[in-house]
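> Next come the chains, spelled out residue by residue.
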Amino acid sequence: MDVEILSRVQFAFTIAFHYIYPPLSIGLGLLLVIFEGMYLKTGDKRYEQITRFWIKIFALIFGIGVATGIIMEFEFGTNWATYSKYVGDIFGSALAAEGIFAFALESGFLGILIFGWNRVGPKVHFFSALMVFLGSMFSAVWIVVANSWQQTPAGFRIVGEGMNARAEITDFWAMVFNPSSVERLTHVWIGAFLAGAFLVLSVNAWYILKNKHLALAKPSFKIALITATICSLLQLFVGHKSADGVSKNQPAKLAALEGHYDSLATGDMYLMGYVNNKTQETKGIRIPGGLSFLIYGDFNAPIKGLNAFPEEDRPRQVNAIFQFYHIMVAIGVSLIALSVFGTWLYYRNKLFDKRWLLWIFVWSVLLPQIANQAGWFAAEMGRQPWVVYGLLRTSDALSKAVTANQVLFSLIMFMVVYLLLLILFLYLLNKKIQHGPVDYGSKEDIEEGSKRDNPLLAH
Amino acid sequence: METFLGLDYNVWWFLVFGAVISGYAILDGFDLGAGALHLLLKKEQSRRIALNAIGPVWDGNEVWLVIGGGALFAGFPIAYAAIFSAFYIPFMVFLMGIIFRAVAIEFRSKEPMPWWRKTWDIVYSAASIIIALSLGLMLGNVAYGIPLNGQKEFAGNWLSFFNPFSIMVAITTLALFMMHGSIYLTMKTEKRLYARLRILSRNFIIFFVLSFVITTLYTLLYIPHLSDFFKANPAAFIIPILMVLSIANIPRQIKKGKYRYAFFSSALTIALLLVMVALEVYPYLLYSTVNPDNSITIHNGASSYKTMKILLTIAVIGTPLVGIYTSFVFWTFKGKVKLDEMSY
Chain G
1 MDVEILSRVQ FAFTIAFHYI YPPLSIGLGL LLVIFEGMYL KTGDKRYEQI
51 TRFWIKIFAL IFGIGVATGI IMEFEFGTNW ATYSKYVGDI FGSALAAEGI
101 FAFALESGFL GILIFGWNRV GPKVHFFSAL MVFLGSMFSA VWIVVANSWQ
151 QTPAGFRIVG EGMNARAEIT DFWAMVFNPS SVERLTHVWI GAFLAGAFLV
201 LSVNAWYILK NKHLALAKPS FKIALITATI CSLLQLFVGH KSADGVSKNQ
251 PAKLAALEGH YDSLATGDMY LMGYVNNKTQ ETKGIRIPGG LSFLIYGDFN
301 APIKGLNAFP EEDRPRQVNA IFQFYHIMVA IGVSLIALSV FGTWLYYRNK
351 LFDKRWLLWI FVWSVLLPQI ANQAGWFAAE MGRQPWVVYG LLRTSDALSK
401 AVTANQVLFS LIMFMVVYLL LLILFLYLLN KKIQHGPVDY GSKEDIEEGS
451 KRDNPLLAH
Chain B
1 METFLGLDYN VWWFLVFGAV ISGYAILDGF DLGAGALHLL LKKEQSRRIA
51 LNAIGPVWDG NEVWLVIGGG ALFAGFPIAY AAIFSAFYIP FMVFLMGIIF
101 RAVAIEFRSK EPMPWWRKTW DIVYSAASII IALSLGLMLG NVAYGIPLNG
151 QKEFAGNWLS FFNPFSIMVA ITTLALFMMH GSIYLTMKTE KRLYARLRIL
201 SRNFIIFFVL SFVITTLYTL LYIPHLSDFF KANPAAFIIP ILMVLSIANI
251 PRQIKKGKYR YAFFSSALTI ALLLVMVALE VYPYLLYSTV NPDNSITIHN
301 GASSYKTMKI LLTIAVIGTP LVGIYTSFVF WTFKGKVKLD EMSY
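So the sequences go chain by chain: G and B. Residues 1 to 459, numbered by UniProt numbering, are exactly what the first sequence covers, in order. Residues 1 to 344, numbered by UniProt numbering, are exactly what the second sequence covers, in order.
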């Protein structure tokens with residue numbers, strides 16, 4: 001295998017593994033702020049116990065997120081040196097801003113969040129939770145800005161020629177607010193909120209099923225359910241906006257997402273299907289003209305197909321892109337159905353009797369994860385063969401000083417180490433969940449405890 | 001050339017980058033040093049206290065590495081690209097160290113079994129040592145120079161990184177961090193552990209001074225281009241002199257029981273050491289041993305002026321913010337370590 005394939009596999013692998021954790025940190029960060037906010041507002045000890053429990057899980061997730069994130073920052077230099085030279089003027093400032101404005105805030109206050117319970121007052125502790133959450137949100141801003149610039153470059157000019165060409169910034173804010181930044185960022189944020197909300201839903205659904213920690217599990221479940229419902233509905237609009245942006249800015253990617261080859265035809269929208277990359281045929285369950293309607297509000301409007309682009313300028317793995325995109329959309333719709341149905345039952349006081357539904361909630365934790373990964377893969381593979389859309393090809397972006405053997409060595413090393421990490425992470429996460437929160441603050445336990453302490457009541 | 005207060009932007013960003021790297025070495029330096037000497041503390045209780053002494057801050061300390069990476073990428077992308085692709089293998093080893101160290105700290109306390117804790121203790125310590133050594137090895141090679149061709153690409157073999165000078169720099173870096181870490185731990189502990197750390201810190205000071213002297217002598221004798229600056233500017237000798245004074249101040253303050261001053265002294269030593277390296281290499285970021293014309297300097301390896309301006313704005317806004325909350329966190333956890341239910 002050559003350096004290009006190995007480096008692409010390595011980048012895809014390391015970023016996919018890393019991308020399990022930051023969305024969880026962001027989503028769980030939001031819920032921590034809500035939980036601790038409820039504690040401050042009501043003074044109800046149950047919310048303190050809930051907060052303490054989720055902070056422990058947050059710390060575990062954050063730790064792996066940081067360790068795997070540092071790798072990403074340096075992989076641009078190690079494996080993609082030509083790319084780094086090409087975009088350093090622009091991409092670098094976003095990364096530097098992320099470090100100084102976001103990551104420093106998050107990591108600084110994390111110490112107080114985890115270890116500060118007996119050192120600072122409740123208000124400062126809540127403030128720290130808020131800062132950690134904001135830090136993770138800002139991190140997403142700069143990382144998505146950097147990535148969006150690769151999708152829809154803006155605010156720059158090209159200097160130099162051939163292999164010495166590089167992009168130079170001309171307008172910082174045009175770079176930050178490039179045509180796809182805002183819609184992609186909101187899409188990523190909400191995807192992250194969903195990842196966090198469904199983790200909380202899953203764990204608490206399991207407690208309710210097992211009849212454990214009920215005094216804590218039910219209010220946590222309710223808060224997470226409301227969060228999930230709002231976010232999954234919002235995602236419908238934000239996701240649509242994102243697809244709309246792709247149609248304007250990256251028409252070749254849009255064509256790949258729906259497996260649409262023929263340029264003169266109207267675009268169909270598929271619920272599911274299969275793209276034959278060789279015969280350029282797409283088969284499946286479809287809404288004829290649906291894509292045209294989505295983009296132009298007209299079922300008959302012709303849409304640019306892949307054949308409208310020179311072969312060397314359009315993505316090759318069309319079926320994979322199509323599948324990733326459709327998995328993401330299908331999960332998005334299921335999350336809406338699940339959370340809306342759950343909320344409806346909750347307000348009719350019937351949710352906690354439906355064991356089958358609670359079991360679905362237990363397993364639902366995987367869905368936002370799969371959707372986030374699939375969405376990321378569709379976005380990144382859809383940009384190919386460009387690493388910077390329309391400007392720099394992925395095949396030209398490599399490090400010239402690095403050999404295939406070196407990349408193979410590091411790739412195998414990452415695979416072994418990350419597999420080990422994943423096993424340890426799941427083991428420890430499971431253990432923490434099994435152990436559960438400490439209930440001593442709950443109403444039932446306080447009553448139980450006073451019975452035990454009171455010799456008259458105990459016998 | 002656009003200038004600000006008499007210095008051009010590239011020099012400013014070189015200073016900022018140097019300050020960030022010094023910040024990283026001073027801050028992560030003490031927790032890496034604490035990790036490197038971890039196995040010398042025998043009792044479970046001592047190890048827990050040592051871990052909790054760095055517990056609330058090590059993550060924040062590591063942020064400086066991320067900022068440093070971003071600063072190099074943004075300000076000097078050509079140097080960033082050349083350095084990390086050239087140092088591919090040592091850097092991958094370094095990154096593995098970073099991963100294993102983070103998870104060792106995180107995972108160690110999660111299970112009570114002695115074998116579990118012992119395993120993560122070894123991983124934590126070994127990773128800290130590997131990080132310090134690989135950082136030193138890369139610093140040594142950056143200072144010494146590497147073969148760069150006309151396209152400013154690395155044209156050598158990674159085995160050549162293991163030259164005597166760079167190995168000595170690596171050992172000196174480890175010694176420096178162990179000295180720094182042991183002083184930090186002395187400051188954060190009490191009773192028998194404190195007594196033990198006082199002895200350890202004295203040994204590490206000796207270890208550092210010896211390796212530093214040997215490395216300096218070797219440099220003067222065999223690598224003349226690194227001492228050119230000092231030969232041309234005798235006034236610059238003030239820096240090594242200050243450094244000697246700063247090192248001598250460490251045992252003095254420890255003897256007086258003023259650990260915070262001892263810690264500031266060892267932080268100052270690290271800063272002065274890096275200033276020395278910066279003066280030796282300036283204006284090169286990466287010196288080419290094949291042909292000095294192929295070298296990457298702070299001018300030919302830099303971003304545009306526009307970017308430099310943006311970066312300086314970011315640094316001017318961001319640095320005080322980071323300073324404020326870093327101090328707040330350190331202030332919150334000031335004093336000797338006390339274990340509680342939230343500790344590692």
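Simulated from the structure, these hints should not be mistaken for laboratory data. Certain hints may be false.
Here are the computed lysine-lysine pairs in the DSS-like style, where the Cα-Cα straight-line distance is at most 27 angstroms [to be verified]:
1. 400(G) to 334(B)
2. 152(B) to 432(G)
3. 210(G) to 110(B)
4. 45(G) to 152(B)
5. 110(B) to 56(G)
6. 152(B) to 431(G)
7. 118(B) to 431(G)
8. 334(B) to 191(B)
Here's a subset of chain G near chain B, in silico, CB distances under 7 angstroms, partners left out [to be verified]:
9. 85
10. 96
11. 104
12. 110
13. 111
14. 400
Negatives, chain G to chain B, calculated, CB over 10 angstroms [to be verified]:
15. 99
16. 130
17. 242
18. 264
19. 276
20. 286
21. 301
22. 302
23. 313
24. 330
25. 359
26. 362
27. 365
28. 410
29. 415
30. 431
Heads up, the beta-carbon is just placed ideally off N, CA and C, and yes, glycines get one too.
> Far enough from chain B: is every CB of that chain over 10 angstroms from the CB of residue 313(G)?
Check passes; 25 angstroms lies beyond 10 angstroms.
> Would the hint on residue 110(G) stand, with a C-beta cut-off of 7 angstroms toward chain B?
Cβ of residue 110(G) sits 6 angstroms from chain B, so the hint holds.
> Should the label of residue 362(G) as a non-interface residue stand, given a Cβ cut-off of 10 angstroms to chain B?
holds (23 angstroms)
> When you check the alpha-carbon spacing of residue 118(B) and residue 431(G), does it fall within 27 angstroms?
holds (20 angstroms)
> Say whether it holds or is violated: residue 431(G) keeps its Cβ farther than 10 angstroms from all Cβ of chain B.
Its Cβ does come within 10 angstroms of chain B, the nearest being 7 angstroms, so this is violated.
> For the hint on residue 400(G), does the least C-beta distance to chain B fall short of 7 angstroms?
Nearest chain B Cβ about 5 angstroms off; hint holds.
> Need the status of pair residue 400(G), residue 334(B): alpha-carbon distance at most 27 angstroms?
violated (48 angstroms)
> Take a quick look at residue 130(G) and tell me if its Cβ sits farther than 10 angstroms from every Cβ on chain B, holds or violated.
Its Cβ never comes within 10 angstroms of chain B, the nearest being 13 angstroms, so this holds.
> Minimum C-beta separation from residue 301(G) to chain B exceeding 10 angstroms: can you confirm that?
holds (41 angstroms)
> Have a go at the residue 85(G) hint: is there a Cβ in chain B nearer than 7 angstroms to its own Cβ?
holds (5 angstroms)
> Would you mind confirming whether the straight-line C-alpha gap from residue 334(B) to residue 191(B) stays at or under 27 angstroms?
Satisfied, since the Cα-Cα distance of roughly 17 angstroms is no more than 27 angstroms.
> Minimum C-beta separation from residue 365(G) to chain B exceeding 10 angstroms: can you confirm that?
Non-interface label on residue 365(G) holds, nearest chain B Cβ at 21 angstroms vs cutoff 10 angstroms.
Violation of the numbered hints given earlier is confined to hints 1, 2, 4, 6, 15, 28 and 30; the remaining hints are satisfied by the structure.
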